[in-house]
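The listed protein sequences correspond, in order, to chains A and B.
Numbering-wise (this note's numbering), the first sequence opens with residue 1 and increments by one.
Numbering-wise (this note's numbering), the second sequence opens with residue 1 and increments by one.
Bear in mind the hints are in silico, worked out from the structure with no lab data behind them.
Please note that a few of the clues may not be correct.
Copies of the same chain are indistinguishable here, so a pair counts whether it falls within one copy or spans any two.
Said to hold, decoys possible - For lysine-lysine, the following DSS-like pairs were computed, each having C-alpha atoms within a straight-line distance of at most 30 Å:
1) K156 / K141
2) K90 / K147
3) K166 / K64
4) K166 / K141
5) K163 / K147
There are 2 protein chains.
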Amino acid sequence: MRARATDVVIESSGKVITKEVWSTLHIHIASENNFPTAAGLASSAAGFACLVYSLAQLMNVKEKYEGELTAIARLGSGSACRSLYGGFVKWNMGQEADGKDSIATQLAEQSHWEDLVIIIAVVSSRQKETSSTSGMQESVKTSPLLKYRAEEMVPKRIGQMEKAIKSMDFAEFARITCADSNQFHATCLDTSPPIFYLNDSSRRLIGLVERWNRHAGEPQVAYTFDAGPNAVMFAKNKEVAVQLLKRLLYQFPPSAEADLSRYVLGDQSVLKSAGVTSLEDIDSLSAPAEFAGVINLPRIPGEIDYLICTSAGKGASVLDGQIASLLDPATGLLVKNE
Amino acid sequence: MRARATDVVIESSGKVITKEVWSTLHIHIASENNFPTAAGLASSAAGFACLVYSLAQLMNVKEKYEGELTAIARLGSGSACRSLYGGFVKWNMGQEADGKDSIATQLAEQSHWEDLVIIIAVVSSRQKETSSTSGMQESVKTSPLLKYRAEEMVPKRIGQMEKAIKSMDFAEFARITCADSNQFHATCLDTSPPIFYLNDSSRRLIGLVERWNRHAGEPQVAYTFDAGPNAVMFAKNKEVAVQLLKRLLYQFPPSAEADLSRYVLGDQSVLKSAGVTSLEDIDSLSAPAEFAGVINLPRIPGEIDYLICTSAGKGASVLDGQIASLLDPATGLLVKNE
Chain A
1 MRARATDVVI
11 ESSGKVITKE
21 VWSTLHIHIA
31 SENNFPTAAG
41 LASSAAGFAC
51 LVYSLAQLMN
61 VKEKYEGELT
71 AIARLGSGSA
81 CRSLYGGFVK
91 WNMGQEADGK
101 DSIATQLAEQ
111 SHWEDLVIII
121 AVVSSRQKET
131 SSTSGMQESV
141 KTSPLLKYRA
151 EEMVPKRIGQ
161 MEKAIKSMDF
171 AEFARITCAD
181 SNQFHATCLD
191 TSPPIFYLND
201 SSRRLIGLVE
211 RWNRHAGEPQ
221 VAYTFDAGPN
231 AVMFAKNKEV
241 AVQLLKRLLY
251 QFPPSAEADL
261 SRYVLGDQSV
271 LKSAGVTSLE
281 DIDSLSAPAE
291 FAGVINLPRI
301 PGEIDYLICT
311 SAGKGASVLD
321 GQIASLLDPA
331 TGLLVKNE
Chain B
1 MRARATDVVI
11 ESSGKVITKE
21 VWSTLHIHIA
31 SENNFPTAAG
41 LASSAAGFAC
51 LVYSLAQLMN
61 VKEKYEGELT
71 AIARLGSGSA
81 CRSLYGGFVK
91 WNMGQEADGK
101 DSIATQLAEQ
111 SHWEDLVIII
121 AVVSSRQKET
131 SSTSGMQESV
141 KTSPLLKYRA
151 EEMVPKRIGQ
161 MEKAIKSMDF
171 AEFARITCAD
181 SNQFHATCLD
191 TSPPIFYLND
201 SSRRLIGLVE
211 RWNRHAGEPQ
221 VAYTFDAGPN
231 AVMFAKNKEV
241 AVQLLKRLLY
251 QFPPSAEADL
261 SRYVLGDQSV
271 LKSAGVTSLE
281 DIDSLSAPAE
291 FAGVINLPRI
301 PGEIDYLICT
311 SAGKGASVLD
321 GQIASLLDPA
331 TGLLVKNE
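All chains, full assembly: derive it from the sequences and hints.
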């Protein structure tokens, strides 16, 4: 449910420096983000969370109240407040007019629900037309359905989702995740002029999951789309993730000249369990049972850019300086890591 | 705002036949629909309106109350009740549990607002995945936003729309038409599992109109999508329709092997005024001013199947039997008109 923080490292001697000294110092920041940028996959959330965390570490900041840093991260990109912690995180709306109590809190550690496997389908890494921040502002101004959703639907669903996560109730988790993603995109469409984040590839990904879930009789996979066309899919467990990956490779094969190692990224164990080691293995995958009777199902090679297999993250952390630094310790200038 | 009734003709001697005699007679019905079937363009509305009108004419039915026939047509396909009358027609929700008072009434004759020109872009004539009747039933059952829309939004907008039509206020007409189309499709997306009628071509058509309206400073064209991907666009007047057709031909050129006379159907005067007589003329169209700065705008030949230029219709009517009959007067069997 959260983006991975990026590997930004700020050089620090580790000494405590007073506020007065800070005001005279300059900071050289180098950052690197391993997520597609501006594609609606919370790359800005990862980046801003990382920046705030790194500066706080450097300046040895102690929070005045729990979550103070998340409120600061939120100023860069709303969802950045969630990306500081690992596991399952809740963004509290807050009551104050100045938004100071709009903070994130951790609901559960990463280790709480380890069965969940996440597969992300990146259908397009092109720059999206509307930034999520300006899009949301337009929706607040012009969508009557968003007003209703915010007042009547979201508070109820937040409570249901907390309960589903705590009790690891996958069916309920999937029901709320899919319904809420679709409702968010419904309010985008109700905006004037309308905002479209989902495209035909997104629709086909939703179709794949919905068809399978219906055929299985209970949810196997949940999907959610943030402010972009890319699907984030949650598989009930590792075996289901293997089945999901096979279905994705069957319906969305890579293009003929693709390199399998660049088509399925992240945790390679799902691909390995699927028994797929070459493009020929993908060609010989057979249609899953629920595809029977589906007419005009396009299988367009290269429709998806790539897939990422992953799981809930551990939150922001300091990497080992010698290994991870993006700055040359001698010159303080950028080192380009290949 | 209504589909054209199709040219169904039922043979009648014109004599009045009593109820008792009817119960012993058989009727041979041949029908022809000149609209794409099951593509979300109200072809079933046209067909059922025509069937009810033809049978009523044949049987010399007198309505017990005004709109009784529209209530009967509604049983075949909801929107069929609107297709019996010409011009601008309202479908009244009604209050009775049995739906008997859910009838259509004519707001204004076809001649009331003759400036309006309609251009329909048929982006796909493929069978749609969800029929509009079953789709709406799923939405009623599962979409919380539809409930809010039906209770809070629709009654208000119906009143606003009636006023806009009566005063021929195009800006207001366009605002409500576009917002309400988008909100309808928002509730489809809020259905579980979600229903998608709009596709990427629909999105690009919406983009074309929204971009132009914003650039012009006031609405030139309104769009609406029924239960399918095809756009029904209303141009403010004939000159605007000519500009709209040129824009559509520029962004959605026919495929290289297309026949222009099969690409732009219906009223040929718009095409004539646009000065387009060949595929070469389309190739030499220049980009409209509001296209400047639009990046990655695809111009895929053949993305649209065909365009129809038309206007508000005159309602159901009896055609001349000799010319229009689909049945051979001698044998009573189907004559295939080419």
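Hints and how they fare:
{"no.": "1", "hint": "K156 / K141", "in the structure": "both (23 Å within a copy, 19 Å between copies)"}
{"no.": "2", "hint": "K90 / K147", "in the structure": "both (21 Å within a copy, 28 Å between copies)"}
{"no.": "3", "hint": "K166 / K64", "in the structure": "within (28 Å within a copy, 62 Å between copies)"}
{"no.": "4", "hint": "K166 / K141", "in the structure": "between (35 Å within a copy, 29 Å between copies)"}
{"no.": "5", "hint": "K163 / K147", "in the structure": "both (25 Å within a copy, 26 Å between copies)"}
Hint violations for this structure: none, all hints satisfied.
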